[in-house]
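Note that the protein sequences, when read in sequence, are chains A and B. Taking the working numbering, the leading residue of the first sequence gets 1, the next gets one more, and so forth. Taking the working numbering, the leading residue of the second sequence gets 1, the next gets one more, and so forth.
If you're looking for bench data, these hints aren't it; they were derived computationally from the structure. Check before you lean on any hint, since a few could be wrong.
[Claimed, not checked] No more than 20 Å apart at the CA atoms, straight line, and that leaves these computed lysine-lysine pairs for PhoX-like:
#1 B:K329 <-> A:K58
#2 B:K383 <-> A:K65
#3 B:K332 <-> A:K2
#4 B:K314 <-> A:K69
#5 A:K93 <-> A:K65
What you are looking at is a predicted structure, and each value in this text was computed from that prediction instead of being measured.
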Amino acid sequence: MKNSKHTISVLVNNQPGVLQRVAGLFGRRGFNIESITVGESEESGLARMIIVTTGDDKTVEQVSKQLYKLIDVIKVNDISANPSVSRELALIKVNAEPSQRSEISTLVDTFRASIVDFGPTSVMVQVIGDTEKIDAFIDLMRPYTIRELARTGVTALVRGSK
Amino acid sequence: MNAPSAILHNDELREKLLKPDVISGSDILLRSLLLEGVDCVFGYPGGAVLYIYDAMHGNSDFNHLLTRHEQGAIHAADGYARSTGKVGVCIATSGPGATNLVTGIATAYMDSTPLVVITGNVVSSFIGTDAFQEADITGITMPITKHSYLVRDVEDLAKTIHEAFHIANTGRKGPVLIDIPKDVSANKTKFVYPKEVNLRGYNPTVAPNKLQVDKLLKAIENAERPLILAGGGVVYSGAHEELYEFATKARIPVTTTLLGLGGFPSGHELWTGMPGMHGTYTSNMALQNADLIIGIGARFDDRVTMKVQGFAPKAKIAHIDIDPAEIGKIVKTDIPCVGDVKTVLQLLNEKLVPGETQAWIDHLNKLKAEFPLRYEDSDTELKPQYVVEMINDTTKGEAIITTDVGQHQMWAAQFYHFTKPRSWVTSGGLGTMGFGFPSAIGAQMGNPDRLVISINGDGGMQMCAQELAICAIHKIPVKIVILNNNVLGMVRQWQEIIYDNRYSHIDLAGSPDFVKLAEAYGVKGLRASNKAEAQQVWKEALEHDGPVLVEFVVRKHENVFPMVTQGNTIDHMLMGDAE
Numbered sequence: 001m002k003n004s005k006h007t008i009s010v011l012v013n014n015q016p017g018v019l020q021r022v023a024g025l026f027g028r029r030g031f032n033i034e035s036i037t038v039g040e041s042e043e044s045g046l047a048r049m050i051i052v053t054t055g056d057d058k059t060v061e062q063v064s065k066q067l068y069k070l071i072d073v074i075k076v077n078d079i080s081a082n083p084s085v086s087r088e089l090a091l092i093k094v095n096a097e098p099s100q101r102s103e104i105s106t107l108v109d110t111f112r113a114s115i116v117d118f119g120p121t122s123v124m125v126q127v128i129g130d131t132e133k134i135d136a137f138i139d140l141m142r143p144y145t146i147r148e149l150a151r152t153g154v155t156a157l158v159r160g161s162k
Numbered sequence: 001m002n003a004p005s006a007i008l009h010n011d012e013l014r015e016k017l018l019k020p021d022v023i024s025g026s027d028i029l030l031r032s033l034l035l036e037g038v039d040c041v042f043g044y045p046g047g048a049v050l051y052i053y054d055a056m057h058g059n060s061d062f063n064h065l066l067t068r069h070e071q072g073a074i075h076a077a078d079g080y081a082r083s084t085g086k087v088g089v090c091i092a093t094s095g096p097g098a099t100n101l102v103t104g105i106a107t108a109y110m111d112s113t114p115l116v117v118i119t120g121n122v123v124s125s126f127i128g129t130d131a132f133q134e135a136d137i138t139g140i141t142m143p144i145t146k147h148s149y150l151v152r153d154v155e156d157l158a159k160t161i162h163e164a165f166h167i168a169n170t171g172r173k174g175p176v177l178i179d180i181p182k183d184v185s186a187n188k189t190k191f192v193y194p195k196e197v198n199l200r201g202y203n204p205t206v207a208p209n210k211l212q213v214d215k216l217l218k219a220i221e222n223a224e225r226p227l228i229l230a231g232g233g234v235v236y237s238g239a240h241e242e243l244y245e246f247a248t249k250a251r252i253p254v255t256t257t258l259l260g261l262g263g264f265p266s267g268h269e270l271w272t273g274m275p276g277m278h279g280t281y282t283s284n285m286a287l288q289n290a291d292l293i294i295g296i297g298a299r300f301d302d303r304v305t306m307k308v309q310g311f312a313p314k315a316k317i318a319h320i321d322i323d324p325a326e327i328g329k330i331v332k333t334d335i336p337c338v339g340d341v342k343t344v345l346q347l348l349n350e351k352l353v354p355g356e357t358q359a360w361i362d363h364l365n366k367l368k369a370e371f372p373l374r375y376e377d378s379d380t381e382l383k384p385q386y387v388v389e390m391i392n393d394t395t396k397g398e399a400i401i402t403t404d405v406g407q408h409q410m411w412a413a414q415f416y417h418f419t420k421p422r423s424w425v426t427s428g429g430l431g432t433m434g435f436g437f438p439s440a441i442g443a444q445m446g447n448p449d450r451l452v453i454s455i456n457g458d459g460g461m462q463m464c465a466q467e468l469a470i471c472a473i474h475k476i477p478v479k480i481v482i483l484n485n486n487v488l489g490m491v492r493q494w495q496e497i498i499y500d501n502r503y504s505h506i507d508l509a510g511s512p513d514f515v516k517l518a519e520a521y522g523v524k525g526l527r528a529s530n531k532a533e534a535q536q537v538w539k540e541a542l543e544h545d546g547p548v549l550v551e552f553v554v555r556k557h558e559n560v561f562p563m564v565t566q567g568n569t570i571d572h573m574l575m576g577d578a579e
């Protein structure tokens, strides 16, 4: 079976230790986590985790079944099996002498990113989009020398009324 | 859900316990346990549970058994739970008390035993400071518990306990840990015991999908060589009668896994014995040649399937299990039936149409006659299999047998012919040495009227021997059998067969004189080294009305056969005939 990337949405009780339960399950069952984001959900007391993992269909089915065995897990949904919107945010601090700033600014505009901070010899860029867009933007920034990079990991929702 | 309910039936006591008094967390704990029908708790005190033990002082309603090691306490609770179907309960203090429970928790988790494990913890404000006897026991046990709680507020305690009992003994059963900081056990609040449990993320599927049931019925009707693979789930779900009806009506042979023993009467014409690494020739050949395998509350463990590629190559697989995660986990499943085993079997029994299976049954019965479990008896040396057969003959397969792990465990599984469920207490999944003897104490506490026999090796017996004290003090009449071959037998067998006779660190010379050890604790001790002695001391042991330890000095180089070595499919059995 073919390995592919899956984005899994996990609705959980917002309890101490719940992240440890979910992350620990992935670790001990040999499921990989490419990224994980956690935050409050539409309902108070519940949090939504978005986990990006790679595996074949059988593995993803096991991931889902094992997650359901956790008492604090309410709902598991393979978002990538549906039309969905997924977004990630990256903050990139790149070297930028005053002479280079307009050049960087053009790239930033093209990607609908924004410059959120200026230093004497650097700028900080914020870029939002799906993973491919952010990967592409980071590649474009590399020639200027990236000093620091922070990515949030993917968060996502299924499109429409579902 | 038909989890055996143990709700307290004594109305007078119940009323007294339910009074909305303002009481401490410790009293809440004791009252809640009594309300859940707990009649025996196994435990060991310490600093963080002093308030809890203080509340026990003079409480004549509450029955606590002091073991000599926390591991003994949790294995006893496990034996109690497996043999009664009720939730086993144990208590330990924080830090080392709690970590000493870890092996027992993992044992229960692997075999789906319902336990509620209570640990004390340091005072809430000290948690996270590396305080004296602090250990993050909820963190440590997360992978080996069905669920766990760290109670931060005494207001949550009663609700937590009620939830824990519900979770432990419904769905796929398992251990639930409740960690109670010392201040929570001291703080007071008004006692209100919840009537219901409301857990949004926990709704085990009991009733199966009707379409899958119909598909399975059709498959049964069309099968010529069907086989039932019955596991521990049959016993845990209380479905032995339904299984009997199912198998006999549909005329399908049954193989019972290690944990499934007792779920179907041994010796029945449809019974083929245990499958797998040390399974019977007939069971293994039946699995390899069946055209339909119906797994019932069994998880296709690697000791059953051995090499998965090549397992049951001709069979369509149907799998009935309460845990959806077990379906398709190891083998590809054609007909998944998620649901409580008992409920599913009841549905199947309503509409069952048997297939043409007589030729297959005849074939398997021929194999059974041709390749029975056997051993070469001896008049000069006492054989361990002979001892187990003797125990079986003298108790007619009706005793509760607990075992440790290793060769003696396999011989007990092979040569003791269980006639009823909840009679077999053995650590199958985790394979925990030290389990056999303390689990018998728990089994006896839960079944005061049944004969409980604990069969051990000389290795495992020394891992929890300290609990002899409990047997002596409370006159718990467990019959403790040691098959003493002076060696770690199963490791020796592997070293002989797989590691070319390179025997590494298996010699148990220097073990105590077990008879004297028993006597030192005040337990009667007996020894036998030949058949005549064996018959005589065993008779004496059965007639003795208290605990007794019987050491059988058996042949050192005996091996367990059949044996499938790792990496082979189950039809490649070493039969041991050359020996």
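Mind checking the alpha carbons of K332 of chain B and K2 of chain A for me, to see if they're no more than 20 Å apart? Status holds; Cα separation ~17 Å.
Distance restraint between K383 of chain B and K65 of chain A, which requires alpha-carbon spacing of 20 Å or less: Measuring from Cα to Cα gives roughly 47 Å; hence the hint is violated.
Straight-line Cα separation of K93 of chain A and K65 of chain A no greater than 20 Å? Violated, at roughly 41 Å.
K329 of chain B and K58 of chain A: Cα distance at most 20 Å? holds (8 Å)
With a cut-off of 20 Å on the C-alpha distance, tell me whether K314 of chain B and K69 of chain A pass. violated (32 Å)
Checked against the numbered hints above, the structure breaks hints 2, 4, 5 and satisfies the rest.
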